[in-house]
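Novice: Those protein sequences? They're chains A, B, C and D, same order as listed.
Straight run, no breaks: the first sequence in the numbering used here ends on number 197.
Straight run, no breaks: the second sequence in the numbering used here ends on number 197.
Straight run, no breaks: the third sequence in the numbering used here ends on number 197.
Straight run, no breaks: the fourth sequence in the numbering used here ends on number 197.
In case anyone wonders, no lab produced these hints; they're calculated from the structure.
One or more hints might be untrue.
Given that identical chains are not distinguished, each listed pair holds provided it fits within a single copy or across any two copies.
In silico SDA-like pairs for lysine to any residue, Cα to Cα no more than 20 Å straight-line [claimed, not checked]: (1) Lys37 <-> His48; (2) Lys37 <-> Val178; (3) Lys53 <-> Val25; (4) Lys122 <-> Ser101; (5) Lys53 <-> Ser42; (6) Lys80 <-> Ala186; (7) Lys122 <-> Glu175; (8) Lys37 <-> Glu102; (9) Lys53 <-> Thr79; (10) Lys37 <-> Ala179; (11) Lys122 <-> Gly168; (12) Lys37 <-> Gly51; (13) Lys80 <-> Gly51; (14) Lys122 <-> Gly69; (15) Lys122 <-> Thr166; (16) Lys53 <-> Gly23; (17) Lys122 <-> Leu167; (18) Lys122 <-> His165; (19) Lys122 <-> Val25.
4 protein chains.
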Amino acid sequence: MPKLGMEPIRRAALVEATIHEIGVVGTLDVTVSRIAKRAGMSSALAHHYFGSKDQIFMAAMRHTLTVYGAEVRGALSMTKTPLERATAIIRTSFSAMNFRSEVVAAWLNFYVLAQTHPEAKKLLRIYQARLRSNLTHAMRPLIGARADASADRIAALIDGLYLRHTLGGTSPNPEDPVAVALGLLAQELEGGGRDAG
Amino acid sequence: MPKLGMEPIRRAALVEATIHEIGVVGTLDVTVSRIAKRAGMSSALAHHYFGSKDQIFMAAMRHTLTVYGAEVRGALSMTKTPLERATAIIRTSFSAMNFRSEVVAAWLNFYVLAQTHPEAKKLLRIYQARLRSNLTHAMRPLIGARADASADRIAALIDGLYLRHTLGGTSPNPEDPVAVALGLLAQELEGGGRDAG
Amino acid sequence: MPKLGMEPIRRAALVEATIHEIGVVGTLDVTVSRIAKRAGMSSALAHHYFGSKDQIFMAAMRHTLTVYGAEVRGALSMTKTPLERATAIIRTSFSAMNFRSEVVAAWLNFYVLAQTHPEAKKLLRIYQARLRSNLTHAMRPLIGARADASADRIAALIDGLYLRHTLGGTSPNPEDPVAVALGLLAQELEGGGRDAG
Amino acid sequence: MPKLGMEPIRRAALVEATIHEIGVVGTLDVTVSRIAKRAGMSSALAHHYFGSKDQIFMAAMRHTLTVYGAEVRGALSMTKTPLERATAIIRTSFSAMNFRSEVVAAWLNFYVLAQTHPEAKKLLRIYQARLRSNLTHAMRPLIGARADASADRIAALIDGLYLRHTLGGTSPNPEDPVAVALGLLAQELEGGGRDAG
DNA sequence: AATGAATGAGGATTCATTCAT
DNA sequence: GATGAATGAATCCTCATTCAT
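Working from the sequences, and respecting the hints, build out all of it.
Specialist: Next comes the structure, spelled out in structure tokens:
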């Protein structure tokens, strides 16, 4: 019997390497060779396990969303009050794991990919729906019907803060994204906001 | 008979073609040949005028930002009250011209480019600073010191709505980005929001 | 518990699978993996038994020629008259077994292989010599010295009909190869043909 | 103005090189690089002019058939009697140009290609139909209704002789294909052959 | 001013083959 | 006996870029 059970290990290594490389290059213009090398194997083996570069990307994307989803669920499970829930969702979005610059770079490029790739688009939409749904459920007990519009704003703000973070890097970045997002949350919960204009 | 003054015409055609192609492909993976063909010339001529693909992108980026800036200035020039100013800035960000799907796609990809390309990063930061500055100035007379934090939130929200728009497309998209953004503006102006938490 | 006598079974399965795959693809561009999979084993095992792809091909070739030879001998053994012999040879060449489209495809590709591969060339020459010899012996009693030239023509005609069969497929194929070949046989036996011109 | 009119020259060179390489390798497993190198250019340029390896093959095929067709027409134009026509067709099939070993190798491989490639199949069928038609027309004045069956036999024989020629090469090849084919022609014209049996 | 011609470099993908277990 | 693991080598194809005219 051959050396067995390598597949999940290899796949995980490739997924991790993919996100890392996207972070380094800032683009989906990463070569399979580089990914494979970083994952400690030949590019041929990468193809053996994933079939195509495209599917490597999709796996990386699914992994990123899964990790995010798991972190959110974990954080929510430790909350008691609605306010804690809303706060937890926001904090998780900017947690050390999810807000690593390479992960943020990957997110950005997944949005690019989604424009062409239906499956990628589907995944991002699922993420968005879940984020909105989580926020709405957390806020409904606090502000009732206004929760939907509030969730919309907070969700979009989070995405916007991600986007801005890609530019961040070296400069002395004064506004902490978490603070900005929690600031909005506080405001949403506070008073009789009406929608639109 | 060399046609005089061809240069600006050619350059403009290339810039427009570039944005269009980015919109079509959804990526910066557009070939110079395709851009040139769409602009009605050979790829060699495109290189003659711009030197490299990179510089074509930068020109397209500058053009996009310039158009946006001009629209904002134009809109602001027709306002009287602070509220009108703030509203005008938001509306312009989603104007027919700036919110064309190809332009939005281009924006997204400019963020990708900015991760690698210092000049691109600089341009995007200028845009962000200007947007925040415009918003702050508009809102200061209305809410005083809170204007800075408010501007931060609104600016980030606008970027987030752009990002979400790239996924939009076919589905029945219920929330109008303009409404969402104006909704936040209304809320910001309304009450005693405090920052962070 | 090592299964005994697996080797001949495995080899036979591989040979059969090879011919089948050549028939499917129409080319020698079949992968060892596909052959092995069809034969119900890993490609590594295929190499274990045959050493190389090349030798798999050679085995398939030998098998094809062997089957053909056996069928001819079998058919000849049931004949009484020279005419029956000649007829039997021709009919066997187009028998259900030998004229299966996959076998014909294999033949064609063996000719391709023979251009590079000395062993393959040798095998095909043996086949040709045997065919000519069989035909000559069958016809000599009937037309004497003319038998040699007649055999040449019939043998070449058979090959030509094989070649044409590879194109056959879907269209309403009017001329039955057997009829054409037997038509030539009849003509050869009939009259005072002289050679050349 | 650039160096102009290279295209037809390059294409012709590539087609010629393709046939040559097929002759050398004996297979369609020729690399575009080798073809291009033999044609004196980079493989990139070969792709520029033909788009794909496949289309290079198709061009080579069309060229081969065209040359053959032209030679036949030329030969026919210099004939007076039906017998001369039939003879001319046969001789042309084995002319110095068409029966070059590389061309014969190419033919063989075109048959292989035709099994997968519909366009290739179509071309070969056209060739076959034309050959049969030419032969039938030439022979009808001489043997009336029997011309069809005769043409079938002669056409198939010619293909068979091509096939055998691929094995030819070094050995002392006693039977001259032309003699064999003309021998059949003589026999066909001679007597009251009936079809089939 | 303008372009066809031309290429070097690079990347995804495939595959026969080997090896450790 | 049997196979998953693994890779080096090869090949098609694309593209930014240069150049002669």
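Novice: All the hints need checking, so say for each whether the structure fits it.
Specialist: Against the structure, the hints:
1. Lys37 <-> His48: Both. Shortest intra-copy (14 Å) and inter-copy (16 Å) distances satisfy the 20 Å Cα cut-off.
2. Lys37 <-> Val178: neither (36 Å within a copy, 46 Å between copies)
3. Lys53 <-> Val25: So Lys53 and Val25 pass the 20 Å test inside a copy (16 Å) and across (18 Å) alike.
4. Lys122 <-> Ser101: For Lys122 and Ser101, only the inter-copy Cα distance (18 Å) is at most 20 Å; the intra-copy one is 24 Å.
5. Lys53 <-> Ser42: Cα proximity of Lys53 and Ser42: one copy only (14 Å, versus 24 Å across).
6. Lys80 <-> Ala186: within (18 Å within a copy, 31 Å between copies)
7. Lys122 <-> Glu175: Between copies, since 18 Å is at most 20 Å while 32 Å is not.
8. Lys37 <-> Glu102: This pair counts as within: shortest intra-copy Cα distance 18 Å, inter-copy 36 Å.
9. Lys53 <-> Thr79: Neither way: Lys53 and Thr79 sit 40 Å apart in one copy and 52 Å across, limit 20 Å.
10. Lys37 <-> Ala179: For Lys37 and Ala179, the Cα distance exceeds 20 Å both inside one copy (39 Å) and across copies (48 Å).
11. Lys122 <-> Gly168: between (28 Å within a copy, 11 Å between copies)
12. Lys37 <-> Gly51: both (17 Å within a copy, 18 Å between copies)
13. Lys80 <-> Gly51: Classified as neither; 45 Å inside a copy, 61 Å across copies.
14. Lys122 <-> Gly69: Close inside one copy (15 Å), not across copies (34 Å); limit 20 Å.
15. Lys122 <-> Thr166: For Lys122 and Thr166, the Cα distance is within 20 Å only across copies (12 Å; inside one copy 23 Å).
16. Lys53 <-> Gly23: Within one copy only: 16 Å inside, 23 Å across.
17. Lys122 <-> Leu167: between (26 Å within a copy, 9 Å between copies)
18. Lys122 <-> His165: between (24 Å within a copy, 14 Å between copies)
19. Lys122 <-> Val25: This pair counts as between: shortest inter-copy Cα distance 18 Å, intra-copy 25 Å.
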